[in-house]
Amino acid sequence: MNLENFTASEVSSAVQGGELRLHIGRFILKISSVLPEFERALRQLYAHYPASVTGGAYDYDIDVSPPSFFRRWVRRNSSFHLSGEAPFLPMEVGHAHALFEWGLNWTLGSYAHNFLILHSAVVELHECGVLLAASSGSGKSTLAAELALQGWRLLSDELALIDRDLRLIPCARPISLKNQSIEVIRTRHPTADFGPFARDTHKGTIAHLPAPKSSVARNRETAVPRLIIFPKWTADAVLRLEPVGSGQAALRLIDQSFNYPLLGRQGFERMADLVDAAEAWELEYSSLDDARKTIEQLVREHG
Amino acid sequence: MAKSSPLLRLLAGNIAVNRLDAEDFSLLLSEARACGLLGRVTQMLTRSPGADLLAPHLQDQLLSASVYSNGFRQDVWRELAHIEQALAALKTPVILLKGASYVLSGLPVADGRVFSDIDILVTKNQMASAEAALMLGGWVTGKLDAYDQRYYRQWSHEIPPMTHIHRGTTVDLHHSLVMPTCRVQVDSSRMISGAVPVGNGGVWWRLKDEDMVLHAASHLMLNSEFHRGLRDLWDIDLLYRHFTSLSADFPARLIARARDVGLESTLTQVLWLASMFFRTPLPAYLLAVKKSLFLRLAARAASTRHPETRPRGQSWADSALMLREMYLRLPGKLLLVHLLHKMSVAFSTPEKASV
Numbered sequence: 001m002n003l004e005n006f007t008a009s010e011v012s013s014a015v016q017g018g019e020l021r022l023h024i025g026r027f028i029l030k031i032s033s034v035l036p037e038f039e040r041a042l043r044q045l046y047a048h049y050p051a052s053v054t055g056g057a058y059d060y061d062i063d064v065s066p067p068s069f070f071r072r073w074v075r076r077n078s079s080f081h082l083s084g085e086a087p088f089l090p091m092e093v094g095h096a097h098a099l100f101e102w103g104l105n106w107t108l109g110s111y112a113h114n115f116l117i118l119h120s121a122v123v124e125l126h127e128c129g130v131l132l133a134a135s136s137g138s139g140k141s142t143l144a145a146e147l148a149l150q151g152w153r154l155l156s157d158e159l160a161l162i163d164r165d166l167r168l169i170p171c172a173r174p175i176s177l178k179n180q181s182i183e184v185i186r187t188r189h190p191t192a193d194f195g196p197f198a199r200d201t202h203k204g205t206i207a208h209l210p211a212p213k214s215s216v217a218r219n220r221e222t223a224v225p226r227l228i229i230f231p232k233w234t235a236d237a238v239l240r241l242e243p244v245g246s247g248q249a250a251l252r253l254i255d256q257s258f259n260y261p262l263l264g265r266q267g268f269e270r271m272a273d274l275v276d277a278a279e280a281w282e283l284e285y286s287s288l289d290d291a292r293k294t295i296e297q298l299v300r301e302h303g
Numbered sequence: 001m002a003k004s005s006p007l008l009r010l011l012a013g014n015i016a017v018n019r020l021d022a023e024d025f026s027l028l029l030s031e032a033r034a035c036g037l038l039g040r041v042t043q044m045l046t047r048s049p050g051a052d053l054l055a056p057h058l059q060d061q062l063l064s065a066s067v068y069s070n071g072f073r074q075d076v077w078r079e080l081a082h083i084e085q086a087l088a089a090l091k092t093p094v095i096l097l098k099g100a101s102y103v104l105s106g107l108p109v110a111d112g113r114v115f116s117d118i119d120i121l122v123t124k125n126q127m128a129s130a131e132a133a134l135m136l137g138g139w140v141t142g143k144l145d146a147y148d149q150r151y152y153r154q155w156s157h158e159i160p161p162m163t164h165i166h167r168g169t170t171v172d173l174h175h176s177l178v179m180p181t182c183r184v185q186v187d188s189s190r191m192i193s194g195a196v197p198v199g200n201g202g203v204w205w206r207l208k209d210e211d212m213v214l215h216a217a218s219h220l221m222l223n224s225e226f227h228r229g230l231r232d233l234w235d236i237d238l239l240y241r242h243f244t245s246l247s248a249d250f251p252a253r254l255i256a257r258a259r260d261v262g263l264e265s266t267l268t269q270v271l272w273l274a275s276m277f278f279r280t281p282l283p284a285y286l287l288a289v290k291k292s293l294f295l296r297l298a299a300r301a302a303s304t305r306h307p308e309t310r311p312r313g314q315s316w317a318d319s320a321l322m323l324r325e326m327y328l329r330l331p332g333k334l335l336l337v338h339l340l341h342k343m344s345v346a347f348s349t350p351e352k353a354s355v
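Protein chains in written order, with the working numbering: chain A, 1 to 303; chain B, 1 to 355.
You may find that some hints are simply not true.
[Said to hold, decoys possible] What follows is a set of in silico ranges between Cβ atoms, one per label pair, in the way DEER data are often shown:
#1 B/Gln154 with A/Arg164: 49 to 55 Å
#2 B/Asp21 with A/Gln16: 20 to 26 Å
#3 B/Val140 with A/Leu251: 23 to 29 Å
#4 A/Trp73 with B/Ser189: 54 to 60 Å
#5 B/Gly137 with A/Asp276: 36 to 42 Å
#6 B/Ala346 with A/Gln150: 53 to 59 Å
#7 B/Gly137 with A/Glu221: 22 to 28 Å
#8 A/Gly245 with B/Leu246: 27 to 33 Å
#9 B/Asp52 with A/Asp290: 38 to 44 Å
#10 A/Arg188 with B/Val140: 47 to 53 Å
#11 B/Asp260 with A/Val34: 52 to 58 Å
#12 B/Ala55 with A/Arg164: 17 to 23 Å
#13 B/Ala81 with A/Gln150: 28 to 34 Å
[Stated by the list, open to error] Rough simulated footprint, nothing fancy, chain B against chain A, three-plus residues with beta-carbon under 8 Å:
#14 23-32
#15 50-61
#16 105-114
#17 233-241
#18 262-275
[What the hints assert, rightly or not] Here are the simulated SDA-like pairs of lysine to any residue, each with C-alpha atoms no more than 20 Å apart in a straight line:
#19 B/Lys291 with B/Thr268
#20 A/Lys232 with A/Gln248
#21 B/Lys291 with B/Lys333
#22 B/Lys333 with B/Arg183
#23 B/Lys3 with A/Gly17
#24 B/Lys3 with A/Gly55
#25 B/Lys3 with A/Leu82
#26 A/Lys178 with A/Thr191
#27 B/Lys3 with A/Gly18
#28 A/Lys213 with A/Phe194
#29 A/Lys203 with A/Gly84
#30 A/Lys178 with A/Lys232
#31 B/Lys291 with B/Pro307
#32 B/Lys3 with A/Glu85
#33 B/Lys3 with B/Thr268
#34 B/Lys3 with A/Gly56
#35 B/Lys3 with A/Ser13
#36 A/Lys178 with A/Leu166
#37 B/Lys3 with A/Thr54
#38 B/Lys3 with A/Lys213
#39 B/Lys124 with B/Pro49
Bear in mind the hints are in silico, worked out from the structure with no lab data behind them.
No experiment lies behind these values; they were computed from the predicted model shown.
Quick reminder that beta carbons are idealized off the backbone N, C-alpha and C, glycines included.
The shape of chain A in the complex, shown without the other chains (with noise of 0.2 Å):
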């Protein structure tokens, strides 16, 4: 059963009272809040995946709710909490739902190392799984959000996990564009459905595109690495395509990477073997179609 197929008491209940369990590709999610808002925008921005609302198995469990009692009535607020404690600051109740992808982020960040985890969309087309991987702020997010709207399977949006036989684990989750991107996307395709924006984060305007239904439904389906892009998006740049050599393209993914000094030998061997099988590329681009097709003929040249 997907979350959808739950009525919104029926989630509801299971939400506040901690029976809730949210299947985010391999990944089992104990979800609790007492927060309606975020409650809504779980339920449009997960809808499609699969969820049980009485119990059982969890990886990590996390809470959404105000920090203390009395927030919940005055000045409302949110906390995230991983197994109780909260690792950051409170965020305005609106933010919630933002808040709870980047402390996913983070929980996948410090928790799951038996992944390789580089900071990189992950999309793929003809069985050919292409990293994009930049520094934010180059666009990276909206190119996934432009693939993903474009018929490419969305494996994730932010982080690559990489397993020890070299395949991608597919954590396909919810777009988050930011400020410009999200009127950019928006224009493209004007039936794109969001979820409610979180305005004035520290990060500026935020906006979920949920991933798509098909992403969502091959979640377990891992992929294959044989491209590696570093995107940058320059207002008026002409297209430009350069090969990155395998040294340099491990140099810029280590740079991003979450957990590659943890994993001491292994990732160092994981990484050569990624950069051994995934040819680098470096694409500056101004216009997201020509990025696109730029992308598609390496796809069809060297996927």
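For chain A, the structure is supplied; the task is to place chain B on it using the hints.
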């Protein structure tokens, strides 16, 4: 009402791993995470019979935690090498304390134990040169206001934490094992002079076996960090069991030493707490403890911290123990001065903005 805690049942040996149902298993790992015990609990689970039969998502969690523990241990060794290099020129013994000394000495208590700072100790007259040597090596003291600087420099048993500018690692440099102003008078210098070298000819020393237990006991019982109490009590249980397995007269030597350095009641209290959670096998003469209000509060605060299983009134116990710590550390006028200062800061600083 709180659920019964799978973590506490497991630690007390009241349930076998293969008797936990899937949801209890998840709760067990969450409790371990909340108590800072994920590494050690997963090591224990990995070694227990039937670990290979666990559900795949639990195997993933065990694997992840073991990657973390191994990586962490590598980091400790690397950091110790850096500190050794920075302090080599001093030509003075440097005593490693707590977590890092367990790792360096290869004790079972080090398995899966994660900690944030490396604690080292030199004699008081070596403090200035040790601090200077660490600064040359890249460790710097963060920004502190004048009051906090004075608090550390004048009253404390350590200088402010020093953080490495590139690696972000932290060293706590001590000259005594307990706050010199503490109401419980501990003969720290006697323990320091009993330290023994580790390995061959390097800078590193450690406290001798009995003093390792006594230091862990005083660290827990004379401070207010009971939210990490379960880990600290487990340390004490593991150290006690290990040293007793090496030499049967360890318990007798331990209590005699505690008497000599002024930690007798601290020791008996801490062992009582440890035996409550871990069934530490104690001889009868170590179990005669008066169940004071403090012990009852400590037992509550040191228990599991997970919101579903923690005992009722835990946050009240935390607050009461914090007041007790201040009372212990700052006798007479000092306490009054400290409280007045902290109050004036609290009232004059605007509320921290939420992100």
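Structure-based check of each hint:
Remark: the range hint 49 to 55 Å for B/Gln154 to A/Arg164 is upheld by a beta-carbon distance near 53 Å. A C-beta distance of roughly 23 Å is found between B/Asp21 and A/Gln16, which places it inside the suggested range of 20 to 26 Å. Distance hint check: the CB atoms of B/Val140 and A/Leu251 are about 28 Å apart, consistent with the given range 23 to 29 Å. Separation of A/Trp73 from B/Ser189 is about 55 Å and conforms to the stated range, judged on CB atoms against 54 to 60 Å.
Roughly 38 Å separates the CB atoms of B/Gly137 and A/Asp276, a value that falls within the hinted 36 to 42 Å. In this structure the supplied range 53 to 59 Å holds for B/Ala346 paired with A/Gln150, their Cβ-Cβ distance being about 55 Å. Separation of B/Gly137 from A/Glu221 is about 50 Å and departs from the stated range, judged on CB atoms against 22 to 28 Å. In this structure, A/Gly245 and B/Leu246 break the distance hint of 27 to 33 Å, their C-beta atoms being roughly 55 Å apart.
Range check, B/Asp52 to A/Asp290: about 51 Å between beta-carbon atoms, so the 38 to 44 Å window is missed. The beta-carbon spacing between A/Arg188 and B/Val140, approximately 50 Å, falls within the hinted interval of 47 to 53 Å. Checked against the hint of 52 to 58 Å, the C-beta distance between B/Asp260 and A/Val34 comes to roughly 55 Å, which is consistent with it. Our hint of 17 to 23 Å for B/Ala55 and A/Arg164 holds, since their Cβ atoms are close to 19 Å apart.
Distance hint for B/Ala81 and A/Gln150: a CB-CB separation of about 52 Å, inconsistent with the stated range 28 to 34 Å. Counting residues of the region 23-32 of chain A whose beta carbon lies closer than 8 Å to any beta carbon of chain B gives 4, which meets the minimum of three for the stated coverage. Counting residues of the region 50-61 of chain A whose CB lies closer than 8 Å to any CB of chain B gives 7, which reaches the minimum of 3, so the coverage claim holds. By the rule of at least three residues with a Cβ nearer than 8 Å to a Cβ of chain B, the coverage given for the region 105-114 of chain A holds, with 4 such residues.
Under the rule that three or more residues need a Cβ within less than 8 Å of chain B, the assignment of the region 233-241 of chain A is violated, with 0 such residues. With 4 residues having a beta carbon nearer than 8 Å to a beta carbon of chain B, the region 262-275 of chain A meets the requirement of three or more and the stated coverage holds. A hinted pair counts as satisfied when its Cα atoms are at most 20 Å apart, and B/Lys291 with B/Thr268 qualifies at roughly 11 Å. This hinted pair checks out: A/Lys232 and A/Gln248 have alpha carbons roughly 16 Å apart, not beyond 20 Å.
At most 20 Å may separate the alpha-carbon atoms for a hinted pair to count; B/Lys291 and B/Lys333 exceed this at roughly 30 Å. Restraint check for B/Lys333 and B/Arg183: satisfied, since their Cα atoms lie roughly 13 Å apart, inside the 20 Å limit. Between B/Lys3 and A/Gly17, the direct Cα distance comes to roughly 13 Å. Compliance with the 20 Å bound is thereby established for this hinted pair. Distance check on the hinted pair: B/Lys3 and A/Gly55 sit about 14 Å apart at the alpha-carbon level, within 20 Å; holds.
For the hint pairing B/Lys3 with A/Leu82, the CA-to-CA distance comes to about 18 Å; that is within 20 Å, so the pair holds. For the given pair, A/Lys178 sits about 18 Å from A/Thr191 by alpha-carbon distance, which is consistent with the 20 Å threshold. Taking the CA atoms of B/Lys3 and A/Gly18, the gap is about 13 Å. The hint holds against a cut of 20 Å. Between A/Lys213 and A/Phe194 the CA atoms are separated by roughly 14 Å; this keeps the pair inside 20 Å, and the hint holds.
Proposed proximity of A/Lys203 and A/Gly84 is contradicted: the alpha carbons are some 26 Å apart, above 20 Å. Distance hint between A/Lys178 and A/Lys232 is fulfilled; the C-alpha atoms sit about 16 Å from each other, no more than 20 Å. A C-alpha spacing of about 26 Å is found between B/Lys291 and B/Pro307, which places the hinted pair above 20 Å, so the restraint is violated. In summary, the hint linking B/Lys3 to A/Glu85 is supported, as the alpha carbons are separated by about 18 Å, within the 20 Å threshold.
Of the pairs offered as hints, the one joining B/Lys3 and B/Thr268 is violated, with about 30 Å between alpha carbons and a cut-off of 20 Å exceeded. Distance check on the hinted pair: B/Lys3 and A/Gly56 sit about 15 Å apart at the alpha-carbon level, within 20 Å; holds. Pair hint B/Lys3 plus A/Ser13 holds up; C-alpha atoms about 19 Å apart against a cutoff of 20 Å. Among the hinted pairs, A/Lys178 with A/Leu166 is inconsistent with the structure: their alpha-carbon atoms are about 31 Å apart, more than 20 Å.
At most 20 Å may separate the alpha-carbon atoms for a hinted pair to count; B/Lys3 and A/Thr54 meet this at roughly 17 Å. For the proposed pair B/Lys3 and A/Lys213, the alpha carbon gap of about 37 Å is over 20 Å, so the pair is violated. As the CA atoms of B/Lys124 and B/Pro49 are separated by approximately 49 Å, the hinted pair breaks the 20 Å bound.
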